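Those protein sequence lines, which keep their order, are chains A and B. Here the first sequence is numbered in the working numbering, starting from 20 and rising by one per residue. Here the second sequence is numbered in the working numbering, starting from 18 and rising by one per residue.
Rather than coming from a laboratory, the hints here were simulated on the basis of the structure. Source: prediction; values computed, not measured. Among the hints, erroneous ones may be present.
Here are the computed distance ranges between Cβ atoms for each label pair [what the hints assert, rightly or not]:
hint	chain 1	residue 1	chain 2	residue 2	range
1	B	A202	A	A38	29 to 39 angstroms
2	B	A202	A	Q155	20 to 30 angstroms
3	B	T135	A	S290	51 to 61 angstroms
4	B	A202	A	H206	19 to 29 angstroms
5	A	T130	B	V67	56 to 66 angstroms
6	A	A185	B	K301	29 to 39 angstroms
7	A	A185	B	F223	22 to 32 angstroms
8	B	V67	A	R151	41 to 51 angstroms
9	B	F223	A	R346	51 to 61 angstroms
10	B	T135	A	N41	39 to 49 angstroms
11	B	S136	A	G82	43 to 53 angstroms
We put the CB at the ideal spot given by N, CA and C, even for glycine.
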Amino acid sequence: MSIQISNVSRAFGNHRALADINLRIEPGELVALLGPSGCGKTTLLRIIAGLEQPDQGTLELEGQDVVSRHVRDRGIGFVFQHYALFRHMSVFENVAFGLRVRPRRTRPIETEIQRRVHELLELVQLDWLADRYPPQLSGGQRQRIALARALAVEPRVLLLDEPFGALDANVRRDLRRWLVRLHDELHVTSVFVTHDQEEAMEVADRIVVMNQGRIEQYGTPDEVYETPATAFVSRFLGDVNLFHGRIEQGQLHTAAFGARATATPAGEGASVQAHVRPHELRLRRDAGPNTDLLPVRIRRIRPLGADVRIELDAEGETGPIQVVLPRHEYRQQAFSEGEQAYVEPTQLHVFDGDQKRA
Amino acid sequence: MMADITANAGRVVPASGNTRVAHRAAADEPIWVRRSLIGLVFVFLGVFLVVPLAIVLSSALSQGWALYARAVTDPDTWSAIVLTLWVVAITVPLNTLFGIAAAWAIARFDFRGRSVLTSLIDLPFSVSPVVVGLAYVLVFGRGGWLGPWLGAHDIQIIFAMPGMVLVTMFVTVPFVARELIPVLAERGQEEEEGALSLGASGWQTFFRVTLPAVKWGLLYGVVLTTARALGEYGAVAVVSGRVPGENETLTLRVDMLYENYQATAAFAVASLLAVIALITLVLKTYLGDRKDNACPLSAGAPDS
Chain A
20 MSIQISNVSR AFGNHRALAD INLRIEPGEL VALLGPSGCG KTTLLRIIAG LEQPDQGTLE
80 LEGQDVVSRH VRDRGIGFVF QHYALFRHMS VFENVAFGLR VRPRRTRPIE TEIQRRVHEL
140 LELVQLDWLA DRYPPQLSGG QRQRIALARA LAVEPRVLLL DEPFGALDAN VRRDLRRWLV
200 RLHDELHVTS VFVTHDQEEA MEVADRIVVM NQGRIEQYGT PDEVYETPAT AFVSRFLGDV
260 NLFHGRIEQG QLHTAAFGAR ATATPAGEGA SVQAHVRPHE LRLRRDAGPN TDLLPVRIRR
320 IRPLGADVRI ELDAEGETGP IQVVLPRHEY RQQAFSEGEQ AYVEPTQLHV FDGDQKRA
Chain B
18 MMADITANAG RVVPASGNTR VAHRAAADEP IWVRRSLIGL VFVFLGVFLV VPLAIVLSSA
78 LSQGWALYAR AVTDPDTWSA IVLTLWVVAI TVPLNTLFGI AAAWAIARFD FRGRSVLTSL
138 IDLPFSVSPV VVGLAYVLVF GRGGWLGPWL GAHDIQIIFA MPGMVLVTMF VTVPFVAREL
198 IPVLAERGQE EEEGALSLGA SGWQTFFRVT LPAVKWGLLY GVVLTTARAL GEYGAVAVVS
258 GRVPGENETL TLRVDMLYEN YQATAAFAVA SLLAVIALIT LVLKTYLGDR KDNACPLSAG
318 APDS
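Working from the sequences, and respecting the hints, build out all of it.
Written out as structure tokens, the structure reads:
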């Protein structure tokens, strides 16, 4: 089912939680609302659910305006950040709840409820926990039960609020992949909220990057990472090295790298910031004939699994510069701490210098 | 310097068991302070609570079972028991409903005057029951605000059961709400929102999700309300006509008997109240435990 959000705004007192949000989510998509805490992503999710009302704007599910429709009539499944399982009910009864509270006309008979609940518990691979109570379950199990409970009402849209937020790193990774497989199987339109860019990248088909109540960018994980629309997106999606510069004669001038041809949104004479991701810097021993390389000194070398992170000091730059090399490349070159070297950007993302820093 | 540090470290590490003991001793009071404090509390409670209660019971039985039975089965005493139970039976359900509504409003809604409401609910704690009784006389009594109107419609509130119910309700207003507000606030709204998102109606959410979650706290509040309603004296004394066999509650009956030099009978009736109090105490302790255990999600055992 498609979700169409148009001109939605919401304020809490003086705080603008959402400012003029426009967003379309296609049927069957798995979309992440990504942003720092307080960016409005949870409010947006709750507005889609009907747990929160927008001050203005419209919300359409499958082309039908649902703003005035009660949460129970929207056909959504909601998985809460802390799962919100009913503590006094067994796992079975938790999952059966959505079926049991139906009006008598549409309520399935008991054997049908039994069958459906066990089917769902098998789907989340926890059928053996049917008689337990929520306090007896681990975090990951609670999460999956909460999901089964939400799916029991056969929602047309599945909404998840920080679904992995309260879990251990390992459990989180497993559950993420499991959720992606589940989504491939069920193909229900799903929206989840996260502040973890890695999670969004790994799980979502498309990512909505939000900041201060606005959408900064909406695109596939590749798009938002490779061509960030704003400095905020660029910073939020991963480490960047920041260089200040100016546009002169259509070229980017920075103290570090001299003049470079680059695509830029900024006009002539504008002061800009250039972002270079750690893996977009090439580190080399010899400058060769190039004169626009930045001489640096290797401060620290940190092996991090498949990659090696190297911190560099450069004259005139305020903070250390970060470079990430694949491990095999690092081995070949055999850099060592304290050594003199040169860096060159392979790619630069240029943003208006006036843009607020993330 | 270096050597010093390593030597120190060497001493501390294997002795970690001892350091823990040292920590405990450092944080606690000396043993004689502990013992005398505990002793003092026991002596105090013994002298002021246990001994008087024991004397009530022993005095009640001092003239033998026969007299005790006669005092307790006296028609006027019986009518006092019945009236007291009526007052309780009306007061407790009404105040339970009010308590749930008030606690819900305070814990769930953010509105102007919320803190005022919270303080108002506590008002009966700080107002003397006698003052409450007098206030009701001034409102509902013959010379009071509503007196002429009530008189014209032949409704008697003061010096009759309605007045006694009203003042008892006033005095017992805080208990249920006071118990429920923290429980509701602590549980938060997520489970209720979860129920709504699963298609439950407001009533279904309340009866299937909210009420089971707060039931021990609610029962605890109900027990406290009942105990207070049974034992109320001051406010009821003011608004009761004090006609034996007609509008005398148990507490008033005790007082009446005692004033009339029927000490043994007074003690016998008082012993009934004392027994009810003991039952309440046991219930209260049990429910208090359940309430505390039922709340946290981390609790091991299921609560049903």
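Structure-based check of all given hints:
no. : hint                                : result
1   : B/A202 / A/A38: 29 to 39 angstroms  : holds, 31 angstroms
2   : B/A202 / A/Q155: 20 to 30 angstroms : holds, 25 angstroms
3   : B/T135 / A/S290: 51 to 61 angstroms : holds, 55 angstroms
4   : B/A202 / A/H206: 19 to 29 angstroms : violated, 40 angstroms
5   : A/T130 / B/V67: 56 to 66 angstroms  : holds, 59 angstroms
6   : A/A185 / B/K301: 29 to 39 angstroms : holds, 35 angstroms
7   : A/A185 / B/F223: 22 to 32 angstroms : holds, 27 angstroms
8   : B/V67 / A/R151: 41 to 51 angstroms  : holds, 45 angstroms
9   : B/F223 / A/R346: 51 to 61 angstroms : holds, 59 angstroms
10  : B/T135 / A/N41: 39 to 49 angstroms  : holds, 42 angstroms
11  : B/S136 / A/G82: 43 to 53 angstroms  : holds, 51 angstroms
Hint violations for this structure: number 4 only, all remaining hints satisfied.
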